[in-house]
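One-letter residues, chain by chain:
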Amino acid sequence: MTQQAISQTVSPPLIPRSSTTTESNKTGSWRFLKPRYDEKTAPCSAACPAGEDIARVEMLVAQGLFKEAWETILQENPFPAVCGRVCFHPCERACNRGEFDDPIAIHTLERFVADTAMRYDLQADIARRPVQGPRIAVVGSGPSGLAAAYFLARLGYTCDVFESMGEPGGVLRWGIPPYRLPVHVLEWEIDRIRSLGVEIHCNHRVSADFLRQARDRYQAVFIGCGHHRNVDLGIPGEDLDGVAEGLPFLEQVRAGNLPDLSGRVAVLGGGNTAVDVSRCALRLGAKPVIVYRRRRQDMPAFEHEIAMALEEGVELMELWTPLEITPHPDGYRLVLQRMAVASQEGPRAQVRPAAGQTQELVVSKVFKAIGNAPEESWMQPPEGDARTLRLANTALVELHGGPLVVYGGDLAALEKSVTHAVASGKEAAMALDTYCQQGWDAVESRISQCRVGPGPSLSMEMYLGGDRCRRNPHVVVFQEINTDYFLYAPRLAQPRLLKEERVRDFSEIDLKISAALAIREAERCFNCGVCNQCDNCRLFCPDLAVCRDDNPQGRRIDYDYCKGCGVCVVECPRNAMALE
Amino acid sequence: MKKVVEGSHAVSEAVRLARVDVISAYPITPQTHIVELLSEYCSDGTLNARFLRVESEHSAMAALIGAASAGVRTFTATSSQGLALMHELLHWAAGARLPIVMAEVNRALAPGWNIWTEQTDSLAQRDTGWIQLYCEDAQEALDTTLQAFRLAETVHLPVMVVLDAFFLSHTYEPVDIPEPEEADRFLPPFQPAFCLDTENPAAFNQLAPPNAYMEMRRSMQDAMESALDVLDAIEDDYERLFGRRYGAVEAVHCDDADIILVTSGTITSTSRLVLRQLREKGEKVGLVKMKAFRPFPFEALRIHTAHAKKLAVIDRNFSFGAGGIFAQEIRSALCNLARRPLVFGYVAGLGGRDVTTDVIEDIYWRTKTSAHPEAESIWIGLHQPAPAA
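Protein chains in written order, with full-length UniProt numbering: chain A, 1 to 580; chain B, 1 to 389.
Hint data in this document are derived by calculation from the structure and do not stem from the laboratory.
Backbone N, C-alpha and C define an ideal beta-carbon position, used for all residues, glycine too.
Certain hints may be false.
To be verified - These stretches of chain B come out as covered by chain A in the derived footprint (C-beta under 8 angstroms, 3 or more residues):
no., region
1, 153-160
2, 223-229
3, 279-290
Said to hold, decoys possible - Sample of chain B residues with no beta-carbon within 12 angstroms of chain A, all distances over it, derived:
no., residue
4, G45
5, N48
6, R97
7, R126
8, R150
9, M216
10, S219
11, M220
12, T270
13, A300
14, I303
15, E329
16, S332
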């Protein structure tokens with residue numbers, strides 16, 4: 001028999017095969033666990049004092065949506081170009097990727113996003129209420145005052161900002177040297193705040209009377225005038241002619257009035273001002289030495305700024321404190337007392353003089369940079385019987401017969417940093433708006449509804465009822481990330497001027513990065529808790545029960561067929577789903 | 001064209017000639033050379049197929065089940081632990097009636113680790129619904145692989161082409177490799193009887209309740225029962241084109257034999273030599289080579305052996321608690337015959353131990369001089385324990 005003939009004798013295969021739809025079998029009835037989309041809170045955003053939606057920003061950068069990324073930051077912070085330069089980025093310490101290889105370079109990406117917007121002169125489309133609210137006075141145009149005005153303007157209020165100096169910006173303009181923050185960057189940000197209708201009245205110093213008179217013109221006053229009075233050392237000779245204060249020196253440098261310095265210069269203190277003063281002095285020809293009474297690890301200055309200062313040639317004398325300053329033919333003679341660590345309790349070591357150990361230091365100039373305090377007493381929340389509400393970064397006071405006063409910025413914030421000042425301005429705006437609409441008693445609970453994670457960080461997007469309200473406040477931890485989906489990849493290194501180039505002038509040290517590098521870095525982000533539309537849930541569903549949809553999530557679960565196996569939840573790389 | 005090639009590569013060449021569409025495999029000694037050459041053919045364009053690198057043999061078979069369901073020609077190769085890992089999906093491939101072809105290079109199972117030849121791995125898969133064809137040399141491996149595609153696609157069952165490790169897989173022999181046009185004349189493109197088709201959507205292999213399942217299993221058995229006739233017809237075509245045929249069972253000098261050696265795989269070649277030597281001495285000995293194990297060639301076996309006095313079955317495999325697997329099956333094939341030979345079951349060459357002409361001759365003389373088998377299975381060549389001091 002031929003094979004053809006044989007083949008005819010082979011019966012056709014009998015297999016289970018059905019041409020009718022299987023949709024009649026509603027496998028959803030088998031389900032006893034239910035998956036759902038459940039976006040959560042990324043640790044970076046909870047650690048950001050301004051509560052920026054960082055996981056979403058990085059997702060947008062990875063997708064090349066730079067304008068949208070920039071606008072996402074602007075929801076929470078009016079200063080992405082400033083903070084992308086000067087923030088101490090606690091977000092990166094909290095980054096879950098740090099437990100995998102290295103944290104995402106969030107700081108560098110924030111600056112990239114803002115610089116891209118600046119380069120193309122983009123106009124932001126940000127949620128905003130119509131202008132209708134009452135007028136608010138803002139005292140001080142530093143980061144907290146401008147942030148308060150920005151958020152209040154978005155909430156529909158008209159703001160008058162009063163600034164004693166000739167130009168706005170406060171510490172951003174006068175306290176931070178140009179190698180960290182070029183002035184054109186600051187002006188670009190301030191112009192955007194002005195474009196919301198915020199009036200900034202420069203050369204307008206506000207007095208204690210202002211508060212009394214404000215009631216007629218303003219519903220409320222925000223006081224964010226910072227700390228401008230220098231703290232004294234309390235040692236002989238500190239008032240000698242030529243023993244200078246740190247902040248005025250920085251102001252002078254900012255104004256372009258550059259003194260010639262030479263030889264050894266002593267900078268007394270351990271904060272950011274001391275480091276900035278020493279680095280400016282270095283650029284002006286001096287050989288600065290920072291004299292600090294505790295150790296390097298106890299210095300309140302940002303560690304990366306200290307490291308760069310030392311790299312550039314600044315000298316650091318730890319555990320020395322000045323006893324007296326006297327004139328000397330070459331300038332000044334400092335008598336320094338050796339200090340010893342007495343106790344390690346608290347965030348900084350406690351020190352005491354080490355008996356008998358002193359030394360002399362001869363320098364050409366002395367700068368004092370040991371701290372600042374409010375200039376006048378009315379700039380602080382009053383003690384006593386005034387009705388007061390202390391929030392994380394602001395203090396609300398209902399003065400008898402006066403308007404509501406909100407103290408913010410350095411006067412009330414948890415920490416003295418630009419980003420805390422922004423957080424303070426935001427909190428003040430929320431508090432003022434709630435106070436105006438619902439009264440004093442509603443303020444605390446309304447604000448607590450806008451928390452990003454368990455800490456004090458607040459979200460204006462949440463306050464305005466945006467998509468972030470749907471996020472679960474649970475902060476995603478590393479163990480909840482499905483790391484099978486991530487490869488080790490080196491962190492983007494911030495490109496910088498060589499140290500030899502840095503010390504020649506006040507040029508910005510941190511250089512720009514390309515879009516390609518930014519995208520590659522953003523792609524490293526786990527996007528903890530935030531759906532980045534990877535579509536794993538749909539691809540892995542064995543029942544085709546995850547369907548594309550027009551809703552903001554982009555897909556929905558068809559519970560008629562979802563058996564509740566949980567594959568979608570397990571295969572979600574970023575814990576943006578839940579099984580319950 | 002005749003070329004000296006490795007046994008593994010004879011299989012690879014057949015797969016190339018079969019113009020397979022999808023190959024999916026995971027490497028395992030002693031199979032690796034087969035898919036290694038095929039991956040080169042895929043990458044240099046000699047073979048226009050998709051080569052899927054997978055993370056396990058289980059996935060290799062799963063991928064082929066998917067590909068074959070979509071109606072394309074598929075191939076994989078494995079050995080030993082790899083085949084054992086595939087086990088679940090071997091049932092699926094057969095039950096889904098998918099004409100997948102697999103080269104299985106016999107290798108002993110661990111522990112202890114052993115990469116050498118033994119048939120227990122493939123014989124342990126005897127109930128999965130796969131056709132199993134055991135090859136003796138490289139030429140047969142090539143010819144059988146090419147035929148396997150036509151057989152599988154005709155009866156809608158997967159086919160396992162089985163080779164001994166090293167003795168066949170790694171030995172170079174002259175092999176006549178057909179030209180592509182000749183191979184095309186023998187093996188037309190695959191025309192699936194059914195496949196996934198978006199124009200004609202259907203669900204496959206879903207629930208088969210008790211009132212449907214049994215008929216499906218009977219359909220598989222019908223296909224198995226037709227497979228030997230189909231193979232015979234395929235071999236007719238093959239012989240016409242290439243001048244070679246093998247048969248599900250090959251009988252040598254069986255007509256007048258009192259004792260018949262029954263072998264499979266490369267032991268057959270060695271046995272042919274012993275047979276010649278014994279015949280020269282006037283011994284009335286024959287040889288039956290078992291090529292087909294599934295389906296089991298009951299009819300041919302009975303015809304060739306029924307008149308003999310004794311069968312000496314050499315098993316390079318073992319079923320613990322029972323015996324050599326070929327011997328068991330042969331006993332059961334003969335048990336209802338009124339006149340039947342005594343079946344002597346010998347176990348030799350496990351874990352790749354050499355089965356030499358001396359071993360086979362020893363088996364012959366033992367069989368001849370014993371009135372009855374001394375045991376259910378007689379283990380040949382076991383090392384004696386050292387005598388106590």
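Hint by hint, here is what the structure shows:
With 3 residues having a beta carbon nearer than 8 angstroms to a beta carbon of chain A, the region 153-160 of chain B meets the requirement of three or more and the stated coverage holds. Using a Cβ-Cβ cut-off of 8 angstroms, 3 residues of the region 223-229 of chain B lie near chain A, which meets the minimum of three, so the contact claim holds. Given a C-beta distance limit of less than 8 angstroms, the hint that chain A covers the region 279-290 of chain B is violated, as 0 residues qualify and 3 are needed. Distance check for G45 (chain B) against chain A: the nearest CB is about 31 angstroms away, which clears 12 angstroms, and the non-interface claim stands.
The Cβ of N48 (chain B) sits about 26 angstroms from the closest Cβ of chain A, beyond the 12 angstroms cut-off, so the non-interface label holds. For R97 (chain B), the condition that its CB be more than 12 angstroms from all CB atoms of chain A is violated, with the nearest at approximately 4 angstroms. Residue placement check: R126 (chain B) keeps its beta carbon more than 12 angstroms from all beta carbons of chain A (closest about 21 angstroms). With a minimum CB-CB distance of about 8 angstroms to chain A, R150 (chain B) fails to clear the 12 angstroms threshold, and the non-interface call is violated.
Not every CB of chain A lies more than 12 angstroms from the CB of M216 (chain B), the least distance being 5 angstroms, so the non-interface label is violated. Not every CB of chain A lies more than 12 angstroms from the CB of S219 (chain B), the least distance being 4 angstroms, so the non-interface label is violated. A beta-carbon of chain A comes within 12 angstroms of the beta-carbon of M220 (chain B); the shortest separation is about 8 angstroms. Under the 12 angstroms C-beta cut-off, the non-interface status given to T270 (chain B) relative to chain A holds; the minimum distance is some 33 angstroms.
At the 12 angstroms boundary, the C-beta of A300 (chain B) stays outside the reach of chain A, the nearest C-beta of that chain being 16 angstroms off. At the 12 angstroms boundary, the C-beta of I303 (chain B) stays outside the reach of chain A, the nearest C-beta of that chain being 18 angstroms off. Distance check on E329 (chain B): its Cβ is at least 24 angstroms (rounded) from any Cβ of chain A, clearing the 12 angstroms threshold; non-interface status holds. At roughly 26 angstroms from the closest C-beta of chain A, the C-beta of S332 (chain B) stays outside 12 angstroms, upholding its exclusion from the interface.
In terms of the numbered hints stated before, the structure departs from hints 3, 6, 8, 9, 10, 11, listed from lowest to highest.
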